[in-house]
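Please construct the entire structure, taking both the sequences and the accompanying hints into account.
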Amino acid sequence: MISINLLALFYLISGVLFILALRGLSSPETSRQGNLFGILGMSIAVIVTFLSIGNFSTSFIYVIVFLLIGGSIGAFIAFKIPMTAMPELVAGFHSLVGLAAVFVAISAFLNPEAFNLGFTGNIKLASLIEMSIGAAVGAITFSGSIIAFLKLRGIMSGAPIIFPGQHILNLLILISIIVLTYFLCTTQNSNLFWSLIAISFLVGILLIIPIGGADMPVVISMLNSYSGWAAAGIGFTLENTALIITGALVGSSGAILSYIMCKGMNRSFFSVILGGFGGTDQISKSNNKEQKPVKSGNSDDAAFLMKNASSVIIVPGYGMAVAQAQHALREMVDTLKKNGIKVSYAIHPVAGRMPGHMNVLLAEANVPYDEVFELEEINNDFANCDVAYVIGANDVTNPVAKTDPQSPIYGMPILDVEKAKSVLFVKRSLSPGYAGVDNDLFYRENTLMLFADAKKMTEDIIKSF
Amino acid sequence: MEIDPFVFRLSIFILSIFVGYYVVWSVTPSLHTPLMSVTNAISSVIIVGAIIAALAGNNENIFNEASVFGFLAIILAAVNIFGGFLVTQRMLAMYKKKKK
Numbered sequence: 009m010i011s012i013n014l015l016a017l018f019y020l021i022s023g024v025l026f027i028l029a030l031r032g033l034s035s036p037e038t039s040r041q042g043n044l045f046g047i048l049g050m051s052i053a054v055i056v057t058f059l060s061i062g063n064f065s066t067s068f069i070y071v072i073v074f075l076l077i078g079g080s081i082g083a084f085i086a087f088k089i090p091m092t093a094m095p096e097l098v099a100g101f102h103s104l105v106g107l108a109a110v111f112v113a114i115s116a117f118l119n120p121e122a123f124n125l126g127f128t129g130n131i132k133l134a135s136l137i138e139m140s141i142g143a144a145v146g147a148i149t150f151s152g153s154i155i156a157f158l159k160l161r162g163i164m165s166g167a168p169i170i171f172p173g174q175h176i177l178n179l180l181i182l183i184s185i186i187v188l189t190y191f192l193c194t195t196q197n198s199n200l201f202w203s204l205i206a207i208s209f210l211v212g213i214l215l216i217i218p219i220g221g222a223d224m225p226v227v228i229s230m231l232n233s234y235s236g237w238a239a240a241g242i243g244f245t246l247e248n249t250a251l252i253i254t255g256a257l258v259g260s261s262g263a264i265l266s267y268i269m270c271k272g273m274n275r276s277f278f279s280v281i282l283g284g285f286g287g288t289d290q291i292s293k294s295n296n297k298e299q300k301p302v303k304s305g306n307s308d309d310a311a312f313l314m315k316n317a318s319s320v321i322i323v324p325g326y327g328m329a330v331a332q333a334q335h336a337l338r339e340m341v342d343t344l345k346k347n348g349i350k351v352s353y354a355i356h357p358v359a360g361r362m363p364g365h366m367n368v369l370l371a372e373a374n375v376p377y378d379e380v381f382e383l384e385e386i387n388n389d390f391a392n393c394d395v396a397y398v399i400g401a402n403d404v405t406n407p408v409a410k411t412d413p414q415s416p417i418y419g420m421p422i423l424d425v426e427k428a429k430s431v432l433f434v435k436r437s438l439s440p441g442y443a444g445v446d447n448d449l450f451y452r453e454n455t456l457m458l459f460a461d462a463k464k465m466t467e468d469i470i471k472s473f
Numbered sequence: 516m517e518i519d520p521f522v523f524r525l526s527i528f529i530l531s532i533f534v535g536y537y538v539v540w541s542v543t544p545s546l547h548t549p550l551m552s553v554t555n556a557i558s559s560v561i562i563v564g565a566i567i568a569a570l571a572g573n574n575e576n577i578f579n580e581a582s583v584f585g586f587l588a589i590i591l592a593a594v595n596i597f598g599g600f601l602v603t604q605r606m607l608a609m610y611k612k613k614k615k
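Protein chains in written order, with the working numbering: chain A, 9 to 473; chain B, 516 to 615.
Among the hints, a few may not be true.
[To be verified] Subject to a maximum C-alpha distance of 25 Å in a straight line, what follows is the list of computed DSS-like cross-link-like pairs (lysine-lysine):
#1 B/613 - A/346
#2 B/611 - A/346
#3 A/464 - A/303
#4 A/315 - B/613
#5 A/315 - A/427
Everything labelled a hint here was simulated from the structure, so no lab data went into it.
Values in this document were obtained by computation on a predicted structure and should not be read as measured data.
Written as structure tokens, this is what we have:
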């Protein structure tokens, strides 16, 4: 048994270690140490919680057993998951945090004495509000993440689901949540508590279904943020500093990532949330102008162009992840480097389905991180480079974003691929990208289209070299 | 007049948001995916609440209606803690510098 003040100090130490864990991520060298700080912080929090209870009864053994069951499932997933599946894994993990928050809130509601929150039917008002917020945000995080998971996994179509009156319905539901919370606080009626959770689950679903596949980087960051606010809500309920600090950190982290992703697409957070972007109707509109001349080539042409180049910039996108082409790509780059060609990688902020997705895949393929550059760092270099090799990216290279105010992607920061002397564009067909916009780059004088699967084409180029 | 402890917790919360804001802006964009997985792992510190909830049952009745939710939350949070930290570790181990 340790004193309540000592306990609070240990939770504070945990919180500080979590801050250091995030701080470590400012560079890859310090990041691994940062992760260890995180693990240490978590261990301290769990151990002192055990010590604070001190009553090592039979239920304690069950706690350890359940912890180990969950732990082994988690460890198994962590080792087995392919790097291309990171977006859905993170979405899945978010849903677990959300559900755990709901369960803790339910448990606190049913047995408030255990948490010093008052008595059943007479819970302290502040605690009741805090646990309602924790439970509601947790439930929204849970069901929203499940939808995001299903969309990312391809079980559910990535196309936005829209119906008339959707936004009004969402608004009414949000109002009903506030009303329910108010009556819950005045009557302490448990049925209201259950309704609150049920409605929050519904909100999570309704919130995510109208958002299309290309906006997933925003969704996943947003849910990250929600999971933090849910944790903070529970932290206030349990009067636990570690949870409050962590919740605030995670909440702001997710919010910043959402902001960066929105900026990368030049869209407002609201327009993403309201959804409907990248629907099928937009794609059909652009189908009628496929008559323009296009130069297409094969792997020999591509290899020839690269052989005569002195610098090449690789532009990877989601298509590279789908085709699992990152390893083949690295081999191709090795071949180029052997021939004395300078190679770098250019990553758009919203390339892939989650923030930093491409960087992880390239790291997996043993690409050194100091060859990989962000948009602002590398964009001026396209003008001096001989070949740009676009593999699986589309909308983020479309010059229309700079020239056509009518275009839905107008104003989006893009990689200035068209400034390269020649552009090699690997793609299966001329179909437009997720934004449903035809890419002007396909029809440029200096563009050579390579119609093939990204991995197959990259391997063929290696052979032709 | 004493200050309500809630105010202190609120202060910690608000200050942590600011700390989070500055710390996260300093995270290099190439590590944004590990950032998401590690924030996921640390937000599972909610397990402390789950443990308290689970241990609130008495010896005759380990699994009462309140503690069952605690046990379930322990499993969920444990999946996240182990899964989150380990997958982050796995990703970070892949980030290498150019061999000179």
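How the hints compare with the structure:
no.: 1; hint: B/613 - A/346; result: holds (15 Å)
no.: 2; hint: B/611 - A/346; result: holds (20 Å)
no.: 3; hint: A/464 - A/303; result: holds (20 Å)
no.: 4; hint: A/315 - B/613; result: holds (23 Å)
no.: 5; hint: A/315 - A/427; result: holds (19 Å)
In this structure, every one of the numbered hints holds.
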